[in-house]
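Chain A is fixed; fit chain B onto it per the hints.
So the protein sequences, as listed, match chains A and B. Note that the numbering used here numbers the first sequence so that position 479 is 479, with each residue one more than the last. Note that the numbering used here numbers the second sequence so that position 275 is 275, with each residue one more than the last.
None of these hints come from the bench; they were simulated from the model. Mixed in with the good hints there might be a few duds.
Said to hold, decoys possible - No more than 25 angstroms apart at the CA atoms, straight line, and that leaves these computed lysine to any residue pairs for SDA-like:
| hint | chain 1 | residue 1 | chain 2 | residue 2 |
| --- | --- | --- | --- | --- |
| 1 | A | K430 | B | S132 |
| 2 | B | K42 | A | T389 |
| 3 | B | K42 | A | L398 |
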Amino acid sequence: MNGLAQSIDRALEEICKDWNSMKYRWMRFILDVPMNLHNRLIISLIIIVVGLSSLATAQTTGGTLTVAVQAEPDGLNLILTPATASYQLVMYNITETLMRYTADRELVPLLATSYEVNEIDSGAEYTFHLQSGVLFHNGQPFTAKDVKYTFDTLLDPDTASPNASPFAYIKEVVAVDATTVKFITEGKAASLVGYLASGKGTGIIPRGSDMEALRSNPIGTGPFMFSQWIPGDSLTFVKNPNYWKPGIPYLDKAVFKIIPDQAASLAALMSGDVDFVDRMVAENAIQIENDPRFKIVSGPQNLAQLLAMNNARSPFDNVLVRRAIYYAIDRDEIITATDLKPEWGSPIGSHMTPMNPYYVDLTGMYPHDPSKARELLAQAGYPNGFDTTIYLPQPYQLHVRTGEIIADQLREVGINCKLEIVEWGIWLDKVYEQWDYDMTVIGHDQGLEPAANFTKGFMRAKEDGTSAYYWQYTNYFLRELLDRGNETFNVNERKMIYAMVQTLIADDAVLIWIQDPHQLEGMRAGVMGYRILPMYVFDLAPIYLE
Amino acid sequence: MWPHFFHYARQNVSFMIGFVLIVLLLITAIVTEFYTPYDPIKMRIPHRMEPPSKNHLLGTDQYGRDVLSRIMQGSQTSILVGVIAVGIGMVFGITLGVWSGLAGGWWDETIMRLMDVLYAFPAVLNAILLSSLLGPGIMNSMMAIGVYNIPIFARLSRGGVLGAKELEYTAAAYSIGRGRFGVACKHIFPNVLSPLIVQGTIQFAVAILSEAGLSYLGFGTQPPFASWGRMLREAQTFMGIDPLLAVFPGLAIAIAVLGFNLLGDGLRDVLDPRLMKSR
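Pulled out of the complex, with its shape left as it was, chain A reads as follows (with noise of 0.2 angstroms):
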C-alpha cells in the first residue's frame, strides 16, 4: 500500500513540474499529512483536476507585447557585429544555438539532443547530436550541414568577424550525417560548450545565407521571426507558426521601441504606450515599485562592478596600498546609496558575480576597516596619505556615483582623489588604451564559462611577458593555472582551479571588486513569465500576456 501512495506522489510531482515552487511546496504540505490511502487519492485527484485546470488557463498565448530597449542595433547578423544591442533582440529569439543557458544557470541542449567529448591527442573532439525536423524560417530544414556552415563562415579569416576569437581553437566542423556534427578542437578545450551556448556568432543560420542579406533580415530556427526594423523607432518581430516545440511561443508578436532616454522609457510605461522597459535605472524603478499597475523583476546581470588601478604605476604596485583601498571601501554604502535598495545589488568580491557556477565568495576578505587601511598605508610608505585621480566615464552614471562615494570613502583615510568626469572616448582612449590613468569606476561584463572572465584582463600579455591590459597585472603562476583552467574536463577539478584563481587575484588586491548591480525590468502587472537570464539576452518565449 505504501508503495502506491509512493508511486501517486510521484505522479503527482510529475504533473505538477510546471508549477511554480510556491504551489509545489503547498501540494507538499498537503501530501505529508499523514491520511490513509482513501482520502490521499481523494485529495490527489482534486488537485490533479484543479492542477490541470490551471495548466490549461496558466499560460495565454496571443497578443502584443511592446518593450522599449535602451539601444538601436548595430544589424541583426550577429556574426558581423560584438554590438550587445543586436545580440540582445537576436540571441534565442530569432536564431537558436547548439546548447543554451536557462534562467537557472544551466547549460542545456537547444538544437542538440546532447553530446559527447573525446579527448584525442592532439586535443578534443565533440560530437554532437542534433534535433531532427527542425525548420528555419524560410522552410529550408535544419541539418548538420547548417551547423558546419555557420561555423566556418564564423572563423573564415574573409568574414572578419569580430566574434570568432573564443572560436580560434576549432580545427575543424565535420557533418557526419544529417543529425551529427563534430568539432574537432586544437589543444583540449574545455570551454567550447559553455562558449557554443553564449557565444556572439553561434546561433545557426541557414547554409548558403548571404551575410550581407541577413544583417537586416536574420533569419534562424527561434521562435520568432523578424518582420520589419524601422530605424531609429522600432523593431518587429512575429511568431514562428512551425516552430518545433509545440505550444511556445506564447505572444503572436513582440515589438522592441528604441526609447534612449530613460525618463522617457518610463513615461511610456505609465501612459500604456510600453508593456515593458528593459533595463531601467533604479531612480525609476523605484517609483514604479509600489504601483499596483506594474511589477519590477529583478536579479543579478551578471556584471563585475570594479574599481580598477593601474597596478603598474606608483603607488598601486604595491600590494600594502591596494589591500589599504580595499579596507578603506565599504560596499554596503556604495549599494545603498547607487542601487536605492540593499537587494538592488550583490557585493563581490572577486572577477566573477554570484551569477556564475564557479563563483567563490570572497566579500568577507577585506571588510570595511578604515584604521587597518591607515595602518597599512603607514607601512607602506603613506602614513599621511598620497593624492590621486579617479577617471569615471560620463554615460554611465551608476559608476560616475560610485566614483564619488569611493573618493569620499578613500578621503577617510588620508587618500585625496580628484575626480574626472570623461566622455567615454576619452575614456577609452587614456584609459583603455593608453593606460594612463590612476584609478577609474567601470563594469564589466561577465560570462559564464569560467575562462571568459579571465582571459582578457589575466591572460593577455606584451611581447615581454607582462601583462597587456588596462590594469597591468602580471602573474606567471596564475597565468599557468588559467592555462590548466581551459585544458580541464573535470568540472570539479575546474572549480577548484578557478576558486584558486578568484581567490589569488583577491589576496593581491588586483582590483577592487564591488558589486554586481542587478538587472531592474519594469513591466505592466499582466506581463507574465519574463525570468532574467544570466547573459545579456531578452528572451522572449517564456512570456505571456494576462
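Below, chain B without anything else, positioned relative to chain A:
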C-alpha cells in the same frame, strides 16, 4: 556725486530689493568661508534623502549631504564665477573698446570686427569648446563666460567714447596739453562708466546662470564640490522620488539672478545723468 547717488538710490524700489538680495548672497558666501552647518562634501549615506528637519533645514541629498551647506558652498561658486567672468570681460572689453573708440580708423575696424567674431559664439559653445580642449572644470567655464563678455563691454565702452570724444570738455582737455592716454583715463572713462556698471551687474546675473547651465551639462564645477547647477543636475534623476532636492538649488539660482537683474535695472535709473541733472 555720491550723496546724490544714495539719495536717488533709496527712492528706487527695484534697486533696494536687488541690493538687499545681493548683500544677503554676499553675506552667505562670506559666512560659508567660516561656517556651514555640516561639511558640504562629506557623505553620510545612512542619512540620504531625508526631508527638511531641525537637523537639516533643507534636508539631505542622495548621498546624505546637507543641502543647506551645499547651497551655501554653491553661493561661493556662483560669486567667484561672476567676479572672474565679469572681471575678464570688463578688463579686456573696456580696454579694447576705449582704445578702439579713441584711435579710430583701421584700429577701430580691426578690433570691432574681432569683437563681432567673438560675439558670434555663445558662452555655452565657448565653454564646451574649452572643456573639450582642456578638460571640464570651473576655471575653464569661468574663462569661457569671461571671453563671451569681452565684446559686450568693448561695444558699450566704444560707443560711449565715440560720443564723449566730440564733446567740449574733451577738446578743452586736449587744448591744455594733455595726451591721449591722460584724456582717456581722466576725462572720458569716468563719463562712460555708468552704463558699464549697469551692464556689469546684469552680466553678473548672466554669468551665474551660464555657470549653472554649464554645471548642469556637466562642464562646470566637478564633484564633489557644490554648484547650484550641478545640484540641479543631480537632483533631476531623483525628481520622481524627492522633488524637493531640485527646488532649493533652483530657488537659489532664481533669487541670485533676480537680485542682480533688479540691481542692474535700479542702477540704470539711478545713474542716469539726465535724471541727476534734472533734480
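Distance restraint between K42/B and L398/A, which requires alpha-carbon spacing of 25 angstroms or less
holds (19 angstroms)
Do the alpha carbons of K430/A and S132/B lie within 25 angstroms of each other, as the hint requires?
holds (14 angstroms)
For a C-alpha distance cap of 25 angstroms, please report whether K42/B and T389/A respect it.
holds (18 angstroms)
Against the hints set out earlier in the document, no violation occurs for any number.
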